[in-house]
Amino acid sequence: MIDLKETIAALAPEAEFVKAEGKPLEVILPSSAVHDAMKKFRDDKDLLFDFLVCLSGMDWGDSLGVVYHLFSLKYRTYLVVKTIAPDREKPQLYSVADIWATANMNEREVFDFFGIRFINHPDMRRLFLRNDFVGFPLRKDYDMSEENNPLVMSNEESDDMTPVLVTNEKGEVEEKQKVLFEDSEYVVNIGPQHPATHGVLHFRTSLEGEIIKKVDVHCGYIHRGIEKMAESLTYPQILGYTDRLDYLSAHQNRHAVCMCVEEALGLEIPDRVKYIRTIMDELSRLQSHFLFYSCLCMDMGALTPFFYGFRDREKILDLFEETTGGRLIQNYNVIGGVMADIHPDFVAGVKKFIKYLPPMLKEYHDVFTGNVIATQRLKGVGVLSKENAISYGVTGPSGRASGVSCDIRKLAPYGVYDKVDFKEIIYTEGDSFARYMVRMDEILESLHILEQLIDNIPAGDYAVKTKPIIRLPEGSFFKMVEAGRGAFGVYIESKGDKTPYRLKFRSSCLPLVSVVDLLASGAKIADLIAIGGTLDYVVPDIDR
Amino acid sequence: MFDFAVVTQWVDTLLRSFLPDQAALLVEFLLVGLCLLTAYALIALALIYGERKICAWFQCRLGPNRVGPYGLIQPVADMIKMLIKELIDMNHSDKFLFRVAPFIVIISSVLAFGCIPFAKGLEILDFNVGIFFLLAVSSIGIVGILLAGWSSNNKFSLIGAMRSGAQMISYELSIGLTILTMVVLSGSMQLSTIVESQANGWFIFTGHIPAFIAFVIYMIAGTAETNRGPFDLPEADSELTAGYHTEYSGIQFGFFYLAEYLNMFVVAAVATTLFWGGWMPLHIPGFDNFNMIMDYIPSLFWFIGKVAVMIFIIMWFKWTFPRLRIDQLLRLEWKYLLPINLINLMLMVLIVVFGLHF
Amino acid sequence: MNSIKEYFVSFYKGLKSLLIGMKVTLRIFFRKKTTECYPENRETLVIAERFRGTLTMPHDAEGNHKCIACGLCEMACPNGTIHVESVTEVNEETGKKKKVLTRYMYDHGSCMFCQMCVRACPHDAICFDNSFEHAVFTRGKLVKQLNKK
Chain L
1 MIDLKETIAA LAPEAEFVKA EGKPLEVILP SSAVHDAMKK FRDDKDLLFD
51 FLVCLSGMDW GDSLGVVYHL FSLKYRTYLV VKTIAPDREK PQLYSVADIW
101 ATANMNEREV FDFFGIRFIN HPDMRRLFLR NDFVGFPLRK DYDMSEENNP
151 LVMSNEESDD MTPVLVTNEK GEVEEKQKVL FEDSEYVVNI GPQHPATHGV
201 LHFRTSLEGE IIKKVDVHCG YIHRGIEKMA ESLTYPQILG YTDRLDYLSA
251 HQNRHAVCMC VEEALGLEIP DRVKYIRTIM DELSRLQSHF LFYSCLCMDM
301 GALTPFFYGF RDREKILDLF EETTGGRLIQ NYNVIGGVMA DIHPDFVAGV
351 KKFIKYLPPM LKEYHDVFTG NVIATQRLKG VGVLSKENAI SYGVTGPSGR
401 ASGVSCDIRK LAPYGVYDKV DFKEIIYTEG DSFARYMVRM DEILESLHIL
451 EQLIDNIPAG DYAVKTKPII RLPEGSFFKM VEAGRGAFGV YIESKGDKTP
501 YRLKFRSSCL PLVSVVDLLA SGAKIADLIA IGGTLDYVVP DIDR
Chain P
545 MFDFAVVTQW VDTLLRSFLP DQAALLVEFL LVGLCLLTAY ALIALALIYG
595 ERKICAWFQC RLGPNRVGPY GLIQPVADMI KMLIKELIDM NHSDKFLFRV
645 APFIVIISSV LAFGCIPFAK GLEILDFNVG IFFLLAVSSI GIVGILLAGW
695 SSNNKFSLIG AMRSGAQMIS YELSIGLTIL TMVVLSGSMQ LSTIVESQAN
745 GWFIFTGHIP AFIAFVIYMI AGTAETNRGP FDLPEADSEL TAGYHTEYSG
795 IQFGFFYLAE YLNMFVVAAV ATTLFWGGWM PLHIPGFDNF NMIMDYIPSL
845 FWFIGKVAVM IFIIMWFKWT FPRLRIDQLL RLEWKYLLPI NLINLMLMVL
895 IVVFGLHF
Chain C
903 MNSIKEYFVS FYKGLKSLLI GMKVTLRIFF RKKTTECYPE NRETLVIAER
953 FRGTLTMPHD AEGNHKCIAC GLCEMACPNG TIHVESVTEV NEETGKKKKV
1003 LTRYMYDHGS CMFCQMCVRA CPHDAICFDN SFEHAVFTRG KLVKQLNKK
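Chains as they are written, first to last, in our numbering: chain L, 1 to 544; chain P, 545 to 902; chain C, 903 to 1051.
You may find that some hints are simply not true.
Have a look at the derived ranges for each label pair, beta carbon to beta carbon [to be verified]:
hint : chain 1 : residue 1 : chain 2 : residue 2 : range
1    : C       : I906      : P       : L874      : 18 to 24 Å
2    : C       : K934      : P       : V550      : 45 to 51 Å
3    : L       : S385      : C       : I906      : 29 to 35 Å
4    : C       : F910      : P       : W554      : 55 to 61 Å
5    : L       : E14       : C       : H1025     : 56 to 62 Å
6    : L       : D345      : C       : G1011     : 30 to 36 Å
7    : C       : I906      : P       : E572      : 54 to 60 Å
8    : C       : S912      : L       : R224      : 45 to 51 Å
9    : C       : K934      : L       : D345      : 56 to 62 Å
10   : L       : S385      : C       : L947      : 27 to 33 Å
Computed far set for chain P versus chain L, every beta-carbon distance over 10 Å [said to hold, decoys possible]:
hint : residue
11   : N609
12   : D622
13   : I713
14   : A780
Treat the hints as calculated values from the structure; they're not laboratory data. In this text, all values refer to a predicted model and were calculated from it rather than measured experimentally. Cβ atoms here follow ideal geometry from the backbone N, Cα and C, with glycine treated the same way.
Let's have the full structure, built from the sequences with the hints guiding it.
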């Protein structure tokens, strides 16, 4: 085991270290050194920080900056890098989009919310807000009054050009315009109202006959500013909003926030709670994968399997409703435990479901997986290489289909995942069919986890008492869970108040849409649908 | 067996008894047209209802059950809704072609519908190149679809229309060849003769292997020809929202909708006529008593029953399979169906030449 | 030769997979259907007891409720769904001041059923009931007064 601190100090002598007990190493780098140091962090064979987990913009009041959460998939170590943009009026930082492709979208998000412009970034447009939006809402001095923030009722024009900042030979930064779509291109808007985008997502697709030349993803149609809202909400109140991010992983999202807050508070969680949460997580994953199956079938034009998936998903939702009182939005985890103890019939219900499912799964495979049309439409379509998957930060089933071992349940076990025996499903093809098969196999794996847990729920409290007003200690906290479609992270920066100073959700779906252009270029329109279906993004999680 | 020619001749003599010949003919034309259109509309309603119920049962649902007993009035309600909906004009669309397109589609399907021998003596258009005529008129529909996509001023529509063009032209070939195979066996292109010549055994039995292959290919190509799933690429609701008829509303959309169902009926009816003996009852040579009993069932029922089975199979395809991609669709036709078809045609010719059929 | 063999094998396999699919759908065609005929089955419909329908304030037989108008639920609500209006009354015998609830307004339209209010309530004065037929014609009708008088 090498000493992380020493290696980093050797690679980046400018680095300042922040001391914190029991937390990942935190490094502060001056803005001019970030780009080069990051490249070294990624390439150095002792560090190998190949995965940019989270890139969050920050407003520390007097200065703007960015926090990078790096993770090494090989050594399983975290590194937090902070940097401050020199000028608050005209903040500029060097882009790391050439080191990790996932930074592309994330830096656009930071520009959108904080106005930090990234030099050498290929596309410096807003990501979520309208192009004509004035100001940067997550800055602490942003005026939220209605005069400053009017409701625009006019149509938003999509730009064919994008401003970029580039460094010329002299090392000076100059602004240029980059062309996204030529006038002569046949650009079709797929979305925001389209049956196959699973919500209000907008692809501007340049076509050459049936062949796709380029896809430009437009997000933000369902942007609700949850991160901004969270800054004025208490921690228990925030929980209500997490269910509404990736509504198919509602339980896991909430689990992440609860664990982040509990760890910050140093709360000891009873075993019973951990078991219940893990069981619920797996049930959520099951229902999410059923919905994936259903929607993929529907997108591919097979409407009948769609109903089979929903028929079985309904059974899980009934189980949820019995215990949590909610079907889609379960509203079950609370800080320190769960809302209520499991329903007396819950265990029997889960056992019945475990018995019920396997024959149904066989039908799924017979009617869709084996089907020659389906396999031909999925195999070899939208191949995502392992390198690209890591660089784009694609996690979850889509990442594992490309051979990336990125299951947070294995990398950093939480709940009782360290006590159960389960396989991490990994395919190496990286095509749509592998992404599909990973999920279908994960259904079985989840059943296997449930089988091990359901009989062994220990007795005990279903929640620990917490103070009526929860104040987190000063500092920053980060926690990730494996949600239905990838790693979902929560980053909380606290100043010791009952509300977070800054809260950032690491969306599991934003990296998924960022690879759509890569996968769909050169494919056909029908392939775009298959790629979108197998990536299985949920739009509210992208837009937040 | 009841011969519908009795009825038609009775009407004819009745009209001629008090009208001059020309006028009697005119009245007959009108009557036939009226009957045809009524049957067209009724069959469409029945098919819409049937499709909904069948699709629901495949999907573990109940299907329409609110309007009328067992939801029987549902298609009528839908029809009324469609009739009273507003027709929307698109900006910058070619208004003339936009309005003409649904008519072209529906006219082609009505013309094809008119060729079908429904029962003994119940043929409307019956002449020596009947099946050829049917092929010709049913392929006019593609013009309407192309025009609809072109004139809508919508990119999705245009892509849908282009797909449709590629698809129809490819699969027309297969349909033509399978029909040719059967024409070789029957020795006639006249639909009534084709049916009559199946009195001692339907072609699917007498023509055995090549007839069966031709039937399978015909069903696949026929499904593709009617733009139904899994060949519904021109509509492809998850890709192109609604393809060539995205911009249509009200009865203009209704025409496309009707034509789709009626084309399915026509395809099923032609399959019945060519392979399953049309309205001809099931006869097994040598079993005279059995044949007698079969003859008691009216020919119209035989026809409708067989067509219903064919339609069920086409619906079964649609509600089981995912949609093909355009290159798969073309590959299926050019790489698999066409060569098999050509070999099959040759096989049939050999069988007929050497008299190997039953 | 190999490619010819592959041609036929792929054709046969494809056809077989299609037939397997058709077999499954046909089997389900004859299976019992899962549709629930909702308004007809209202009598037999099972709604989980923990289902959160509408926020209610249970009243006992005399029409009393347990609310002390402390306003904790109003503070706990992330959406501003609840408005507690109260007056301060002075008890004539003891001279102590006491808050008394006048109106407890609940906007069902903006409620997100997070149960923060129920958890915040120190006297269990409010709870969620099982009603789920929420449809009304105007949004105004969703604003409800929970206390009866």
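Lying within 54 to 60 Å: is that true of the beta-carbon distance C/I906 to P/E572? 58 Å, holds
Cβ separation of L/S385 and C/I906, checked against the hinted range 29 to 35 Å
34 Å, holds
- Task: Take the C-beta atom of C/K934 and the C-beta atom of P/V550, compute their distance, and say whether it sits inside 45 to 51 Å.
- Result: 48 Å, holds
C/G1011 and L/D345 - C-beta distance against the hinted 30 to 36 Å = With Cβ atoms ~33 Å apart, the hint holds.
| Range hint compliance [Cβ, C/S912 to L/R224, 45 to 51 Å] | With Cβ atoms ~49 Å apart, the hint holds.
query = Lying within 56 to 62 Å: is that true of the beta-carbon distance L/E14 to C/H1025?
reply = Hint holds: Cβ distance 59 Å, inside 56 to 62 Å.
Tell me if the beta carbons of C/I906 and P/L874 are separated by a distance inside 18 to 24 Å. 21 Å, holds
| request: With 10 Å as the threshold, tell me whether P/I713 passes as away from chain L on beta-carbon distances. | output: Given a closest Cβ separation of 16 Å, the condition holds.
Check your understanding: Taking the minimum C-beta separation from P/D622 to chain L, is that value above 10 Å?
Key -> At about 19 Å from chain L, P/D622 clears the 10 Å cut-off, so the statement holds.
Fill in: Minimum Cβ-Cβ distance from P/A780 to chain L exceeds 10 Å
7 Å, violated
For the range 56 to 62 Å, tell me whether the beta carbons of C/K934 and L/D345 fit it or not. 23 Å, violated
request  = Determine whether the Cβ-Cβ distance between C/F910 and P/W554 falls within the hinted range of 55 to 61 Å.
outcome  = 57 Å, holds
Consistency with the previously given hints fails for numbers 9, 10, 14, ordered from lowest to highest.
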